[in-house]
Amino acid sequence: MALANYKYKDMIHRCFRCGYCKFPGDWIDVNSCPAYARFRLESYSTGGRLWLIRAWLNNEIDWTERLAKIVYSCTECRNCVERCPIGFSGDIVDMVIAARGEMVERGSIPSAVKDFLENIQRQGNPYGNARIKRGEWVEGTGIKKYEGQEFLYYVGCVGSYDTRAKETAKTLGEVLLKAGVSFGVLGNEENCDGNEVSKLGEESLFQLLAEENIQKFKDLGVKKIVTLSPHSYNAIRNDYPKFDGSFEVFHYTQLLRDLIKGGMLDVSGGFNTRVTYHDPCFLGRWNKEYDAPREVLNTIPGIELLEMERNRGDALCCGGGGGNFYTDFLGGSEDSPARIRIREAYATGASIVAVACPNCMTMLEDAVKAEGLEERLKIRDISEIVGEACLVKRAE
Amino acid sequence: MDSIYKSLAEIVGEGYVSSQPEELYIYSKDLGTTEPRRPDYAVAPKTTEEVQQIVELANREKIPIVPLGGGLSLAGLAVPLRGGIVLDIKRMDRIIEVNEKARYVLVECGVSQGQLFSYLERHHPSLRHSEPGAPPQATIAGNIAIHGQGDLAQVYGFNSDMVNGLEVVLPTGEVCKIGSCSISSGWFTLHPLPDLGLFFGWAGTTGIITKLSLRLFPSKKIRDVEQFVVEDAELVPEIVYKITHTEMAEDIVAWSQAVPAAVSGLHQVNILMTADSEKELEFKKGLFWDDILGEYIRNGDGGFVGLTPALKASLVQRPQITTTLAADFKKGGGFEYVGAIMPVETYPECYRRGAEISSRHNIPYTVLGRVIGRSHAMMFSWTYAFNRADPESIRQAKEALHESDDLALELGGTIWKPGVYGQKLVMERMEPNTLKLMKKIKELLDPNGIMNPGNWEVM
Numbered sequence: 002m003a004l005a006n007y008k009y010k011d012m013i014h015r016c017f018r019c020g021y022c023k024f025p026g027d028w029i030d031v032n033s034c035p036a037y038a039r040f041r042l043e044s045y046s047t048g049g050r051l052w053l054i055r056a057w058l059n060n061e062i063d064w065t066e067r068l069a070k071i072v073y074s075c076t077e078c079r080n081c082v083e084r085c086p087i088g089f090s091g092d093i094v095d096m097v098i099a100a101r102g103e104m105v106e107r108g109s110i111p112s113a114v115k116d117f118l119e120n121i122q123r124q125g126n127p128y129g130n131a132r133i134k135r136g137e138w139v140e141g142t143g144i145k146k147y148e149g150q151e152f153l154y155y156v157g158c159v160g161s162y163d164t165r166a167k168e169t170a171k172t173l174g175e176v177l178l179k180a181g182v183s184f185g186v187l188g189n190e191e192n193c194d195g196n197e198v199s200k201l202g203e204e205s206l207f208q209l210l211a212e213e214n215i216q217k218f219k220d221l222g223v224k225k226i227v228t229l230s231p232h233s234y235n236a237i238r239n240d241y242p243k244f245d246g247s248f249e250v251f252h253y254t255q256l257l258r259d260l261i262k263g264g265m266l267d268v269s270g271g272f273n274t275r276v277t278y279h280d281p282c283f284l285g286r287w288n289k290e291y292d293a294p295r296e297v298l299n300t301i302p303g304i305e306l307l308e309m310e311r312n313r314g315d316a317l318c319c320g321g322g323g324g325n326f327y328t329d330f331l332g333g334s335e336d337s338p339a340r341i342r343i344r345e346a347y348a349t350g351a352s353i354v355a356v357a358c359p360n361c362m363t364m365l366e367d368a369v370k371a372e373g374l375e376e377r378l379k380i381r382d383i384s385e386i387v388g389e390a391c392l393v394k395r396a397e
Numbered sequence: 002m003d004s005i006y007k008s009l010a011e012i013v014g015e016g017y018v019s020s021q022p023e024e025l026y027i028y029s030k031d032l033g034t035t036e037p038r039r040p041d042y043a044v045a046p047k048t049t050e051e052v053q054q055i056v057e058l059a060n061r062e063k064i065p066i067v068p069l070g071g072g073l074s075l076a077g078l079a080v081p082l083r084g085g086i087v088l089d090i091k092r093m094d095r096i097i098e099v100n101e102k103a104r105y106v107l108v109e110c111g112v113s114q115g116q117l118f119s120y121l122e123r124h125h126p127s128l129r130h131s132e133p134g135a136p137p138q139a140t141i142a143g144n145i146a147i148h149g150q151g152d153l154a155q156v157y158g159f160n161s162d163m164v165n166g167l168e169v170v171l172p173t174g175e176v177c178k179i180g181s182c183s184i185s186s187g188w189f190t191l192h193p194l195p196d197l198g199l200f201f202g203w204a205g206t207t208g209i210i211t212k213l214s215l216r217l218f219p220s221k222k223i224r225d226v227e228q229f230v231v232e233d234a235e236l237v238p239e240i241v242y243k244i245t246h247t248e249m250a251e252d253i254v255a256w257s258q259a260v261p262a263a264v265s266g267l268h269q270v271n272i273l274m275t276a277d278s279e280k281e282l283e284f285k286k287g288l289f290w291d292d293i294l295g296e297y298i299r300n301g302d303g304g305f306v307g308l309t310p311a312l313k314a315s316l317v318q319r320p321q322i323t324t325t326l327a328a329d330f331k332k333g334g335g336f337e338y339v340g341a342i343m344p345v346e347t348y349p350e351c352y353r354r355g356a357e358i359s360s361r362h363n364i365p366y367t368v369l370g371r372v373i374g375r376s377h378a379m380m381f382s383w384t385y386a387f388n389r390a391d392p393e394s395i396r397q398a399k400e401a402l403h404e405s406d407d408l409a410l411e412l413g414g415t416i417w418k419p420g421v422y423g424q425k426l427v428m429e430r431m432e433p434n435t436l437k438l439m440k441k442i443k444e445l446l447d448p449n450g451i452m453n454p455g456n457w458e459v460m
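Chains C and R, in that order, are what the protein sequence lines are.
First residue of the first sequence: 2, per my numbering; consecutive thereafter.
First residue of the second sequence: 2, per my numbering; consecutive thereafter.
In case anyone wonders, no lab produced these hints; they're calculated from the structure.
Since the model is a prediction, treat every value here as computed from it, not as a measurement.
You may find that some hints are simply not true.
Straight-line C-alpha distance at most 30 Å; calculated DSS-like pairs for lysine-lysine [stated by the list, open to error]:
#, chain 1, residue 1, chain 2, residue 2
1, R, K47, C, K289
2, R, K332, C, K8
3, R, K313, C, K70
4, R, K47, C, K70
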């Protein structure tokens with residue numbers, strides 16, 4: 002019986018379905034679970050999902066495409082982990098990932114997820130775009146290939162291929178150049194970090210990607226890595242050590258904070274506007290880094306930093322995790338988490354939403370358009386805000 | 002796609018109706034030991050008008066409707082015993098109005114305990130509601146509909162005594178307002194209009210509450226709790242009686258449990274009090290300790306329990322987390338309890354017999370009595386944790402629950418929010434004309450028998 006082989010067979014039944022997983026820390030709304038916010042049926046809440054996983058593995062219900070979508074609609078934002086009062090809370094998201102692993106083994110996954118994984122396997126990115134185009138974003142920047150510099154600047158798939166995210170990849174690189182940081186990029190040699198692959202349950206592919214990346218980094222003598230994306234940060238920092246890949250890993254906001262503090266980056270050019278910051282899940286709840294991005298923003302003259310009602314550990318996920326920036330299982334409604342988040346951002350009175358993740362950038366920019374707020378609210382990566390403040394780049 | 006599904010999709014939108022196996026599985030389940038029963042549809046309406054249209058459809062098609070709020074009755078009251086439509090009302094979650102001067106809040110039926118608590122803390126910190134200690138997902142309306150009690154029970158009674166008005170959709174589809182809201186725009190009183198209180202304690206068989214006006218009460222700046230312990234259960238009723246005489250306590254809860262072993266057989270009385278100043282707090286504490294409890298201490302009959310700051314904080318926190326933690330006692334994800342409304346004087350017997358039932362079913366006993374009114378009654382609960390992965394554990398808990406249902410009535414009480422088993426016990430003992438009246442009311446309001454059938458079925 003499948004349940005007997007399931008990694009969490011001894012604990013998945015412990016979910017009481019009390020519903021704490023739907024809430025933020027102050028209970029103000031049940032829409033802090035992105036999937037439940039979107040669909041508002043109990044099957045899409047964390048508790049509902051866990052009960053369905055158990056029922057499927059226990060042969061009480063059959064696998065269906067819909068069941069798979071329910072399981073894959075979790076963005077792994079970890080709000081449930083933070084809120085669940087039961088002793089197994091730390092393993093909740095891992096239980097969902099393990100269930101995905103069971104589906105992957107059976108070849109029973111949604112077609113969009115299949116495409117995502119196959120594209121990574123074939124071309125090293127979920128879009129299926131050619132590997133040889135991965136490094137094109139560097140053109141015209143002066144950013145060099147990695148050849149033993151102090152930092153490897155690891156860009157990630159979204160930053161390398163998504164039109165909007167490529168701008169942030171460029172801007173960050175130019176900011177680092179301005180600060181005199183010794184760094185290089187892998188360009189076309191960069192491959193997917195595998196964070197989403199792991200979270201989608203394809204552990205074998207993740208191991209392959211991780212081991213290949215680790216070997217490449219070691220062969221190049223990489224010691225320090227700075228990432229554009231918190232997803233890359235999470236995988237390289239927390240999962241690569243399991244495969245003997247230990248590096249000193251920074252999310253770029255941590256490095257910028259230190260550069261500004263250390264006087265290597267002059268942000269006196271300022272950025273005169275009201276800004277609100279959206280905590281990305283893989284930097285925030287996954288890695289407990291809530292301060293570095295705020296410290297960067299607070300050092301820039303002219304910024305009035307306004308917090309959304311739900312911030313830090315209570316931040317509402319943009320809905321882009323778990324590959325959803327590609328599979329889009331949570332889109333198509335005014336109750337999509339990204340649109341809820343944009344409405345929250347707009348309510349602060351800010352005219353800029355600062356992000357520190359290319360996935361969040363993608364999701365929230367689409368949401369701004371869907372909400373009809375293009376003239377009143379802009380999404381800017383922190384690298385772009387810093388870029389303007391240090392006169393690398395003027396924002397449009 | 003069947004015509005009923007199509008009609009439901011037209012009413013609420015395709016995304017908020019399902020007849021898929023996943024939803025039918027989830028909505029068949031209660032969190033306790035009640036056997037699951039599958040609905041035919043799960044629907045999540047957003048407005049009263051949508052609810053009304055669904056009820057009209059259900060009448061035309063003669064299909065049952067089962068309203069579902071937080072699903073935390075732990076008595077199977079939202080399990081669709083005869084299939085049909087489970088109406089998940091949690092999308093109806095607007096807090097419509099807070100009237101500070103008249104101290105009430107008007108909410109839609111899907112507003113959760115957590116949501117209201119948080120909203121009042123942020124926007125109306127001088128006001129609070131009687132918080133029932135359920136997980137924050139529990140709905141205000143659902144708790145009222147089952148005659149819940151909260152942390153203001155000792156002062157103001159059942160939560161259902163705190164209602165100023167209702168909007169309901171009758172089983173025949175009419176939308177009806179009850180209370181002052183039926184003649185004006187104010188939702189500030191239920192009385193003195195003719196009593197139309199037909200929607201509490203009926204397990205949703207008489208209609209669907211879509212809006213509710215709830216009384217709010219002063220929220221004081223300081224919350225504190227003291228705990229007194231006695232060995233002799235016989236002393237608990239008189240202690241409670243004396244404390245309630247002062248009219249200075251808020252929540253009074255007497256409890257006893259087998260785990261940890263150090264407290265087994267002892268009886269704790271938690272006295273929660275609030276105040277706007279230290280002076281007020283000390284005055285109240287003086288009344289309890291010097292004037293009442295001191296005598297028991299001097300006689301060697303009881304003692305003061307020193308609570309660490311962390312423990313105190315956990316006891317006064319709102320919403321309370323301790324209820325949910327009971328589900329993990331056996332690392333089993335489940336618990337269920339029989340709550341009974343009992344005379345306070347029955348506490349010793351409730352405890353003794355409850356401990357015996359627990360012992361026979363290999364479940365460490367957990368009993369609790371929350372005082373309602375000035376010792377007018379108490380909600381006494383016998384709690385049985387079970388392991389969801391162990392059918393024998395579930396069977397034992399179920400047997401213990403049924404025995405506790407029997408016990409409550411044997412000791413002269415009545416079962417709070419009874420499931421079908423408890424409902425039958427109550428109806429067997431009920432005065433015949435009262436039973437006939439219940440039948441008349443149900444038949445009048447629900448001639449097609451569509452509202453949560455299987456519950457309160459008078460033969």
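Structure-based check of each hint:
{"no.": "1", "hint": "R:K47 to C:K289", "verdict": "violated (36 Å)"}
{"no.": "2", "hint": "R:K332 to C:K8", "verdict": "holds (17 Å)"}
{"no.": "3", "hint": "R:K313 to C:K70", "verdict": "violated (44 Å)"}
{"no.": "4", "hint": "R:K47 to C:K70", "verdict": "holds (24 Å)"}
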